[in-house]
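Here are the chains, one letter per residue:
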Amino acid sequence: MTDQPAHPSLAGLSCPIPLTDYPSVQLAHGGGGRLSQMLIEGLFLEAFDNPVLELLHDGAILQVDGARLAFSTDSFVISPLFFPGGDIGSLAVHGTVNDVAMCGGRPVAMSTGYILEEGFPMEDLWRITRSMEEASREASVSVVTGDTKVVDRGKGDGVYINTTGIGVIPAGVEISPRRARPGDLVVLSGAIAVHGIAIMSVREGLEFETQLESDSANLYPMVASVLERAGERVHVLRDPTRGGVASALNEIAGKAGVGIRLDERSIPIGEEVRGACEILGLDPLYVANEGKCLAIVDREAGEEVVEAMRGHATGGAAAIVGEIVEEHPGKVLLRSRIGGMRVVDMLSGEQLPRIC
Amino acid sequence: MKFVDEYRDEADAVRFIEAMRGLPTRSWNLMEICGGQTHTIIKSGIDRLLPPEINMVHGPGCPVCVTPLELIDRAIAIARRPEVIFTSFGDMLRVPGSSADLLSVKADGGDVRMVYSPLDALTLAHANPGKQVVFFAVGFETTAPANAMAVWRAAQEEVENFSILCSHVLVPPAMEALLGAPDNLVQGFLAAGHVCSVMGYWEYEPIAERYRIPIVVTGFEPLDLLQGTYMTLRALEEGRWGVENQYARSVTREGNVPAQQLMEKVFQVVDRPWRGIGPIPMSGYALRAELSRFDAERRFEVGDISAQESPECIAGEILKGLKKPHECSAFGTRCTPERPLGAPMVSSEGACAAYYHYGRIEELISRDAAQAAERHD
Amino acid sequence: MCLGVRGKVIQIDPDPLGMHMGKVSFGGITKEVCLAYTPEVEVGEYVIVHVGFAISTVDEEEAARVFEFLREMNELDELDVPQPATAPSEDAPGSGEVAAP
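Chains as they are written, first to last, in the numbering used here: chain A, 136 to 491; chain B, 81 to 457; chain C, 6 to 106.
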């Protein structure tokens with residue numbers, strides 16, 4: 136029997152991420168910032184090199200026998216499992232439905248995989264599952280297939296959930312991070328940093344008396360209205376989850392090779408969230424959102440898109456927050472409230488609250 | 081938000097900027113020693129709005145950055161102990177020691193927790209009688225009252241499983257050390273508003289007198305910094321020295337007396353090494369002898385710690401304003417916030433880190449372009 | 006140093022052991038804060054909070070001074086006279102030539 140050669144493209148390949156730099160995975164590799172980018176581009180892309188993946192959008196857009204499908208996956212490892220405004224279940228559904236919507240797709244079906252830790256209370260599992268059922272029903276998406284695994288006690292955080300969604304992209308919709316071009320406007324569907332702060336408010340060691348609810352929501356109906364109104368004039372859609380608005384825009388600027396200018400005065404933010412960020416020393420631009428959407432659109436479509444968003448509860452505070460420019464490609468700049476200018480850099484590691 | 085939004089008004093900011101524009105008859109070097117002020121200046125882009133004659137130097141105002149490497153290694157060694165719950169403010173968690181940082185100790189299974197107040201650490205000690213709770217007490221005078229209270233309460237409540245690792249530093253001795261150095265360039269100071277809320281500003285009067293230098297106690301909102309800078313500039317142009325108080329809404333000359341009284345009971349003034357500068361006499365706090373049982377350095381024997389600073393780091397020159405971060409050969413390449421070589425890159429308020437993240441737009445653009453070109457080669 | 010955030014005192018709980026605690030609101034978020042260092046503070050007043058402790062009260066009168074200063078600057082500008090003297094402080098600044106670097 137002849138020896139099978141090792142897969143040619145992986146033969147002799149050592150880990151592309153210099154082991155001297157990061158011999159082991161750090162929390163920051165999942166944070167949505169520079170290190171995440173490094174892991175994805177430096178390690179995964181090196182192995183899975185293909186033109187669809189290269190786009191590194193929220194989901195993949197596939198041409199299958201004449202139809203265009205949006206295909207996306209997301210895993211949820213959140214702690215605490217239950218938080219004001221939702222739980223890991225509703226988050227898992229909204230997260231994947233939104234990722235499909237960010238490709239311009241109408242979500243049709245999803246799968247869900249559970250990794251359960253031995254000892255996890257059945258009552259909680261039922262609560263989470265009911266929550267997922269409710270969320271998927273509201274989104275008109277069926278959970279059509281799934282998988283369950285159980286790991287030893289201590290090897291999981293109660294439950295991890297993976298959801299994968301599939302949707303259909305109608306004609307006249309062309310979403311791609313590379314479509315952002317100078318002159319386009321950046322539209323944000325509402326107030327930032329709500330989810331991240333709501334989560335922090337429940338985490339150990341941090342107690343706020345006022346209940347801030349996560350903004351986790353199904354964005355598809357709002358996105359559908361936007362696409363109906365503006366069609367091809369919508370160039371990029373992105374939901375700014377981990378790493379916040381700053382990270383999402385940095386990624387887009389990088390991929391499209393354009394610069395982005397934001398105006399601090401236009402960025403919607405709630406009083407309480409602002410107060411919380413002040414006390415915690417967090418920059419709201421880097422805090423996670425779960426029910427917000429960025430849209431980069433043709434300049435003359437800006438107002439229409441804002442209007443379309445405002446027609447939905449999820450887009451009540453929609454506003455134009457910036458524009459795409461030719462200068463400083465790959466960089467996001469912010470005009471501060473007092474007229475100064477600063478760079479909104481990519482997150483280095485996990486954003487940690489500061490005291491200084 | 082009251083007492084916040086008014087101080088961020090653009091029209092008023094412009095007013096100060098315009099007033100400053102025509103004023104300087106020569107160039108001046110101003111220094112602020114406060115990480116919070118560095119943060120506001122760069123986040124609001126104030127440094128780019130000031131007249132070019134004003135050179136704003138970001139002094140050693142970040143207590144995280146000036147914490148000696150050896151103490152960070154000590155903290156890491158203590159945190160690694162299985163019986164310890166190591167608590168700290170967020171800023172310190174990512175500061176690298178010689179070979180690890182507190183976050184990686186956590187990744188390896190150590191119990192390292194972030195707290196927002198030293199009282200949270202005390203609460204943890206109450207709740208975990210079988211564990212040793214250690215709190216990393218880092219800060220300027222602003223944080224000392226809080227840390228003093230935690231130790232005081234621990235003593236009163238007889239909480240024996242609580243201790244602090246103390247790295248408190250004081251501003252006036254640092255100012256004197258900077259002003260007294262033969263290569264000093266600084267001609268005017270913005271004093272840290274919250275340090276002065278606690279300590280008052282009477283300590284600065286003899287310094288202003290001795291060095292004939294204007295010192296303006298300044299707040300943290302953009303308008304505060306603009307007004308503070310304006311006042312300092314006016315004083316310099318008019319040849320005046322002395323202490324003025326821009327942040328009068330929070331600062332009085334004598335400061336917070338109840339806070340000072342408790343600090344007096346808990347701490348004594350000692351010599352301290354400042355990372356990037358060197359030892360400065362009588363520039364820090366340590367626990368008083370009668371409370372030394374709460375000193376984590378005494379409680380935990382961690383053996384010899386010898387920490388090696390990178391020879392490439394020019395922190396001393398940066399902190400004194402003799403060089404700007406981008407003038408360092410390692411800036412942005414071998415020395416980045418992810419992999420800092422020295423003090424000013426270590427926390428986001430450090431001069432080099434602040435510069436790296438927010439400032440010098442043109443530099444960042446050309447650096448990224450160069451790196452992109454490299455990748456495509 | 007240092008992150009001091011202004012908040013409004015909405016509740017005071019005198020502590021039998023002398024460590025007064027209270028609830029402070031920061032734009033709607035309320036948090037428990039130690040008020041031991043601002044023993045005279047009353048509900049409705051504003052404080053500066055740092056790591057869970059109020060370190061000073063915000064003097065409303067003084068708070069307005071920044072804007073009075075600005076107003077004076079504006080008025081004098083219109084009259085085209087030299088700028089106003091610097092904001093008042095409790096001790097008179099010295100005079101004479103500033104030492105050259």
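Check before you lean on any hint, since a few could be wrong.
Cβ pair distances, simulated, as ranges [what the hints assert, rightly or not]: (1) A/Arg265 - C/Glu66: 20 to 28 Å; (2) C/Asn79 - B/Glu334: 27 to 35 Å; (3) B/Pro338 - C/Gly49: 17 to 25 Å; (4) A/Glu462 - B/Pro359: 26 to 34 Å; (5) B/Glu240 - A/Ser277: 28 to 36 Å; (6) B/Pro132 - C/Gly49: 25 to 33 Å.
Because the hints were derived from the structure by calculation, they are not lab data. Virtual Cβ for every residue (Gly too), placed ideally from N, Cα, C.
- Query: Of the hints given before, which are not true for this structure?
  - Reply: Hints 1, 4, 5, 6 contradicted; others consistent.
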